[in-house]
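Visitor: Quick note: the working numbering has the sequence shown finishing at residue 249, numbered continuously throughout.
Honestly, I wouldn't trust all of these hints.
Unchecked claim - As a list, the in silico SDA-like pairs of lysine to any residue whose alpha-carbon atoms are at most 25 Å apart:
id : residue 1 : residue 2
1  : Lys226    : Asp153
2  : Lys175    : Cys90
3  : Lys223    : Met85
4  : Lys226    : Phe211
5  : Lys78     : Lys175
As the list claims (entries may be wrong) - Beta-carbon label-pair distances, calculated as ranges:
id : residue 1 : residue 2 : range
6  : Arg240    : Asp153    : 36 to 44 Å
7  : Gly74     : Tyr122    : 25 to 33 Å
8  : Pro104    : Thr76     : 40 to 48 Å
9  : Pro104    : Thr14     : 46 to 54 Å
10 : Pro104    : Gly132    : 43 to 51 Å
11 : Arg247    : Asn21     : 47 to 55 Å
12 : Leu149    : Phe47     : 37 to 45 Å
13 : Val196    : Lys50     : 15 to 23 Å
14 : Phe112    : Gly230    : 22 to 30 Å
15 : Val229    : Leu149    : 22 to 30 Å
16 : Tyr198    : Ala15     : 48 to 56 Å
17 : Leu61     : Asn152    : 19 to 27 Å
18 : Ile215    : Lys137    : 38 to 46 Å
19 : Gly74     : Thr131    : 23 to 31 Å
Calculated directly from the structure, the hints in this document are not laboratory data.
Idealized CB from N, CA, C, for every residue including glycine.
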Amino acid sequence: MDVVDAKEAVDLATAQTYSENVFLFVPNLIGYTRVILAGLSLHFMSFHPKYCTLAYVISCLLDAVDGQAARALGQTSKFGAVLDMVTDRCTTSCLLCYLSSVYPDYAILFQFLIALDFSSHYMHMYSSLVTGSTSHKLVTSDVSRILWLYYNDSRTLFLICAGNELFFVALYLMKWVHTPIGLGVYSTYPLSLTDVTYPQAMAIISFPICFTKNIINLVQLWKASKILVGVDLAERAMAREANLKARKT
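Build out the structure end to end from the sequences listed, making use of the hints.
Guide: What follows is the structure in structure tokens.
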């Protein structure tokens, strides 16, 4: 049954049985675990980088597990999709907030990335809803080939999201790790290479992926804006047509 009334939806959620409780779907339980791990990473973030990084990375990796579990068990849900989206946005934003305090000279850049991430995904989700799409990941190539390549290939989606998070984790670890990875090992290489720490190496490798992810966010924001404007124009045209018909009658 299609639920269109908010009160009816609340009543259905309240009356759901244990055997069909969406809150207790396995992928959603994985989602709650992600939230708990993200909270633990925030707790340890300012004083224990190992625990923080471990909790944060596991939380991010579980992002690839919940979707697979949902499809395998036939437990896909709108609640699960939104929970997944909100967890992603909040987890990354909390880390960027901390990075703003660690690297105050770049605070405005981190603030921009937070704003871009939230705004692009919110507008993309909303544009998907108003156009009747069942999922924000269902993007056709005629709307945007870039977004189609991003959302319709699970390997590409995982690689870009993982690389994006890896870059920010590397920036976080750079605050704590100062031992060069090449010390006493790659002595034949130039001194500049032996001075690089492993978080710096991670940041260098993952930066292009992070940059690509934020270009995709910009494309997503622009395409969603155009879709919403197009819907506005279509609705205004229909309203004018309805007014003309009403006047004739």
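Visitor: Now, for every hint given, state plainly whether the structure supports it.
Guide: The hints, checked one at a time:
1. Proximity of lysine 226 to aspartate 153 is assessed by CA-CA distance (about 24 Å); at most 25 Å being required, the pair is judged to hold.
2. Of the supplied pair hints, the one linking lysine 175 and cysteine 90 holds, its CA atoms being roughly 22 Å apart against a limit of 25 Å.
3. For the hint linking lysine 223 to methionine 85, the alpha-carbon distance of about 19 Å falls within 25 Å, and the restraint holds.
4. As the CA atoms of lysine 226 and phenylalanine 211 are separated by approximately 23 Å, the hinted pair is consistent with the 25 Å bound.
5. Pair hint lysine 78 plus lysine 175 does not hold up; C-alpha atoms about 39 Å apart against a cutoff of 25 Å.
6. Against the hinted window of 36 to 44 Å, the Cβ-Cβ separation of arginine 240 and aspartate 153 comes to about 41 Å, which satisfies the hint.
7. At roughly 29 Å, the beta-carbon separation of glycine 74 and tyrosine 122 lies within the given 25 to 33 Å, and the hint holds.
8. Between proline 104 and threonine 76 the C-beta distance comes to about 42 Å, which sits within the given range of 40 to 48 Å.
9. Between proline 104 and threonine 14, the C-beta spacing of about 47 Å keeps the proposed range 46 to 54 Å intact.
10. In this structure the supplied range 43 to 51 Å holds for proline 104 paired with glycine 132, their Cβ-Cβ distance being about 45 Å.
11. Take arginine 247 and asparagine 21: their Cβ atoms lie about 52 Å apart, and the range 47 to 55 Å holds.
12. One distance hint, 37 to 45 Å for the beta-carbon pair leucine 149 and phenylalanine 47, holds here, with the actual separation near 41 Å.
13. The hint said 15 to 23 Å for the Cβ distance between valine 196 and lysine 50, and at roughly 20 Å that hint holds.
14. Taking the beta carbon of each, phenylalanine 112 and glycine 230 are about 27 Å apart, inside 22 to 30 Å as hinted.
15. Here the CB-CB span from valine 229 to leucine 149 is close to 24 Å, well matched to the stated 22 to 30 Å.
16. At roughly 53 Å, the beta carbons of tyrosine 198 and alanine 15 sit within the given window of 48 to 56 Å.
17. Between leucine 61 and asparagine 152 the CB atoms are about 21 Å apart, so this pair conforms to the stated range of 19 to 27 Å.
18. Between isoleucine 215 and lysine 137 the beta carbon distance is about 18 Å. The supplied range of 38 to 46 Å is therefore violated.
19. Between glycine 74 and threonine 131 the beta carbon distance is about 26 Å. The supplied range of 23 to 31 Å therefore holds.
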